[in-house]
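Chains as they are written, first to last, in the numbering used here: chain E, 1 to 306; chain X, 1001 to 1306; chain D, 2001 to 2306; chain F, 3001 to 3306.
I should point out that these hints are in silico values taken from the structure, not numbers from a laboratory. Just so it is clear, CB atoms sit at the ideal spot from N, CA and C, and this is done for glycine as well.
Cβ pair distances, simulated, as ranges:
#, chain 1, residue 1, chain 2, residue 2, range
1, F, 3244, E, 186, 20 to 26 angstroms
2, E, 159, D, 2117, 37 to 43 angstroms
3, X, 1036, D, 2172, 26 to 32 angstroms
4, F, 3225, D, 2117, 40 to 46 angstroms
Number of protein chains: 4
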Amino acid sequence: MSTLNLHGIVPPVVTPLTHDYKVDKPSLRRVIKHLLDGGVHGLFLLGSTSEVVFLNAQQRADVMEVAVQEAGGRVPLVAGVIDPTTDRTIAYARQAKEMGVDGLVVTSQFYTRTSQAETIDHFSYIKDAVDLPIVAYDIPVCVQLKLARETVRELYDRKIICALKDSSGDEGNMRMLMRDFAAHPDFAILTGSETLVDYAMLGGAHGNVPGLGNVDPAGYVRLYNAAKAGDWNAARAEQLRLIELFEIVFQGVPHTSPNASGVGGFKTAMYLMGLIENRHMSRPNKVLPDAAVEKIRSILTSTGLL
Amino acid sequence: MSTLNLHGIVPPVVTPLTHDYKVDKPSLRRVIKHLLDGGVHGLFLLGSTSEVVFLNAQQRADVMEVAVQEAGGRVPLVAGVIDPTTDRTIAYARQAKEMGVDGLVVTSQFYTRTSQAETIDHFSYIKDAVDLPIVAYDIPVCVQLKLARETVRELYDRKIICALKDSSGDEGNMRMLMRDFAAHPDFAILTGSETLVDYAMLGGAHGNVPGLGNVDPAGYVRLYNAAKAGDWNAARAEQLRLIELFEIVFQGVPHTSPNASGVGGFKTAMYLMGLIENRHMSRPNKVLPDAAVEKIRSILTSTGLL
Amino acid sequence: MSTLNLHGIVPPVVTPLTHDYKVDKPSLRRVIKHLLDGGVHGLFLLGSTSEVVFLNAQQRADVMEVAVQEAGGRVPLVAGVIDPTTDRTIAYARQAKEMGVDGLVVTSQFYTRTSQAETIDHFSYIKDAVDLPIVAYDIPVCVQLKLARETVRELYDRKIICALKDSSGDEGNMRMLMRDFAAHPDFAILTGSETLVDYAMLGGAHGNVPGLGNVDPAGYVRLYNAAKAGDWNAARAEQLRLIELFEIVFQGVPHTSPNASGVGGFKTAMYLMGLIENRHMSRPNKVLPDAAVEKIRSILTSTGLL
Amino acid sequence: MSTLNLHGIVPPVVTPLTHDYKVDKPSLRRVIKHLLDGGVHGLFLLGSTSEVVFLNAQQRADVMEVAVQEAGGRVPLVAGVIDPTTDRTIAYARQAKEMGVDGLVVTSQFYTRTSQAETIDHFSYIKDAVDLPIVAYDIPVCVQLKLARETVRELYDRKIICALKDSSGDEGNMRMLMRDFAAHPDFAILTGSETLVDYAMLGGAHGNVPGLGNVDPAGYVRLYNAAKAGDWNAARAEQLRLIELFEIVFQGVPHTSPNASGVGGFKTAMYLMGLIENRHMSRPNKVLPDAAVEKIRSILTSTGLL
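Put together the whole structure using the sequences plus the hints.
Spelled out as structure tokens, the structure:
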């Protein structure tokens, strides 16, 4: 295991917002308590699900402050330091270190079109600047570059990264990576998928970063524990229930973008469950329409969460 | 013409950097003088060519401060306020207004996957927040969304935008847009292409935002003037010379990403011409290798710039 | 000029079909007469607009038989020999030679994912097998591979191809190609665009392969002649009228795929103009709905064709 | 189970070729015997791995003739009838029925850009024309259209298809499909992946169509049987060995296209194992270079096949 001991269920924590788009700290405390009560093994602050690219420095500081207070020392806290380019990412990395998180989550550059070689330099400069463990975050749908198998290996060999969050959707490549790293258990590979966790665990993944884990952390912990115990029938059954629950992310489309429909689905469910005060998303995203709310309520009921 | 009177050659100004990655103000002053001496009709600060997404708020302020001092009142100054999402863009838009520029250049959201409807809301919120004319910047290669023909029209009809910088590479769609807006001369359409300016002018474009205009502003002004005068033979001849010059952007590849090769080509040329102190780019981009420098020197010579 | 003397307006001839999906020879004769009466400089049989990949060997033979009878010797006749892979393409190339056409139009392989090197071999094997001039057809939207600038050059230098039909939509690359070949007038470059013909002619193109030329060949010939004469105002005016006419291709969407909407628009217009007996397309494409027909009738009227 | 009883390991049979590109029938007989001896549950003739789009009608007939003779009645034989458009596909479907196969494998249209609605019509027309069970083949990397979840469902509900071969690489969507069809065991879902078979079986897949199964059918049958028996540790161990073996498909790149590298890897291995006379592929694909052959020999040795 890496110094971070990153493993198990590490939800990307949703960021509750007030009516005037500030971080809703009481709601965030409730969310973190809900996650810890659910038995999660770590928290990933300021990931894509948190609306991180919508949040300014103050909002990001607020999120980390609350999380460190609520969870610090109990489970590893990693924070996304996601911004388009290297030195702007370093500024957020310094902030994250000051706020007391345990590790950083870093993507490739975006908006600017980059290359594997420049991506390696990007990670290297960040590592040089800020002494915290780094989790590489492979999310080509957002940044337009897929981390090559060779890039991940070089970043590990040069001791720049200690873990990978794979949200690429390329399960075949992730499977080869897990095989490549089988003899290097200090490198943690976590899947970003909500619906293929039993698969990934069978393949040797160390854990999972499920956005849907905000809604049902205990379900994901049960899934993880069953898989760790080799009880694949139980793991699959839990996964199937969670796939049913995952339908909440599709209720906004086609009128809402997939991104807003997904985060909107999580926030709507958490609102209906009494975890957050309201279901606002950052502008320009709009709250889901009433029909979607009713559909989500019905899914929560049928999956045992309401 | 719009209140901005945006037309003609409006180069996206390169941002010279010092060895420690601060804005190199003396070099920037020389660049702006070079552009104004070349006869350009406006300046586009903080565009993609300026490395805008690499620059923090201080660097962006420095660029605008120098430009307003050097050029303010002589030609329209528009500034890119490019950041992933709406409210972060608004923060930069407020900064730009305070710095005294004449208009804003705004892209769709990026990193987050968005839709045409959310993009319309994005522009609308920015317009509501900051009272400056807005140029829509269509650059799908960076933001992954192409502004639909209908989106541009709705933003114009709702008086949210007054101009379009089209860097989409979709000349057919831009042609249809120019036809759509033929009866609305208050809406300015400028092409972002360096190599198809005579085409765009023939099609009715109001101007051009050429990165290569940093190197040879006078050439682009000659091209524009010839086209305006209907002297298409002269326009084409000048365009062909500039296409030859444009080869400077390909000298870094394949070892350098296209983005770094392009900006690196411009900076190398401007360095060889004595306009900027050094040819650093923002990290992680590296200066072009020696072989590329020599090739660029030779192109500058053959095109009459050295 | 190449041995083919391919230049000017070379429409990709639509294939009229009977109710039972045979080639409607009388209608095809009328179409070819219409094109020749319009003054076109060549005919491109069995291109994408002809529904070539829907047609079997008998249908292809029927098309070539009629065209050679009607037009043979009056203008150059080139025929698409479009099939997924090399040897199947060669079989169609042999058929085309037997039918008496003057040249072949060849794409990259498709369905199978190929490379620039394999594409060069593909063209080379076809040239070795069948002694006819070859036009390279760059249409990445159909075959998923863009012919690289270097590939086109190598195929020319090795005397494998004598012309290029560029339907890639990458006007910047086509412009560089035209500059590359400026000293090689035996290599003909034709644009596949309906809406950017004046642009391409200004850039040095030798001609145009407009699907819309089936509907209004005389309009495209006027456009070509004006451009050849350097009367860019007249060329632009004709182009703008043809852009208005081009709206007929968008009337089927969103319910119809862009492909069926485009060919359906051409066939509907030709039906309304009395050129073809009915407006059937190959299965599974459906005739355009009544609302589209009325819209197309109205466009034909406003552009002077009805 | 469907009338086809398609399940288990159904390799897409490689097509051995002679030096003059005819079907090498003795080699094909050896391959089929090798597969049946390995215990496979069905044969998929004329799939992508068979170079189907390179083969003409005679070659396709030869393949089916040999296979029906060697395997007819022992296991289900399905045949790809892959061609760009509907009626040309129907012609191959009629041929396949005449040759005596048990079912057809059908993709969406390609080259022509199509839609979900037109794809449904495409399958429907084929079903109407030829009375054989149809397996839908989802392979967007070749045909550019992904079969939507709703499309698969409609094709099933209308009794047009009885099975799906999913080679889309979208494991999340396939997982949702398997959940959708959990109550419909007459619909068979098979994965086209070589490296994620244990995953797919855990998710409820009925079987697998592994190109690599040509090389090691017994290994895939062991994997399938272990998974069916719920022995996931054994399944995973076998899968890991097969992932190691799968490295044979990467030995040609970057000089060879991924397609030719993959089929070339299979043919080279089968040649080294004495199954086929030579390792030719259809033109323009070239046999793999010597270095690749040696690497493949070494992989075969380390995985116990040589």
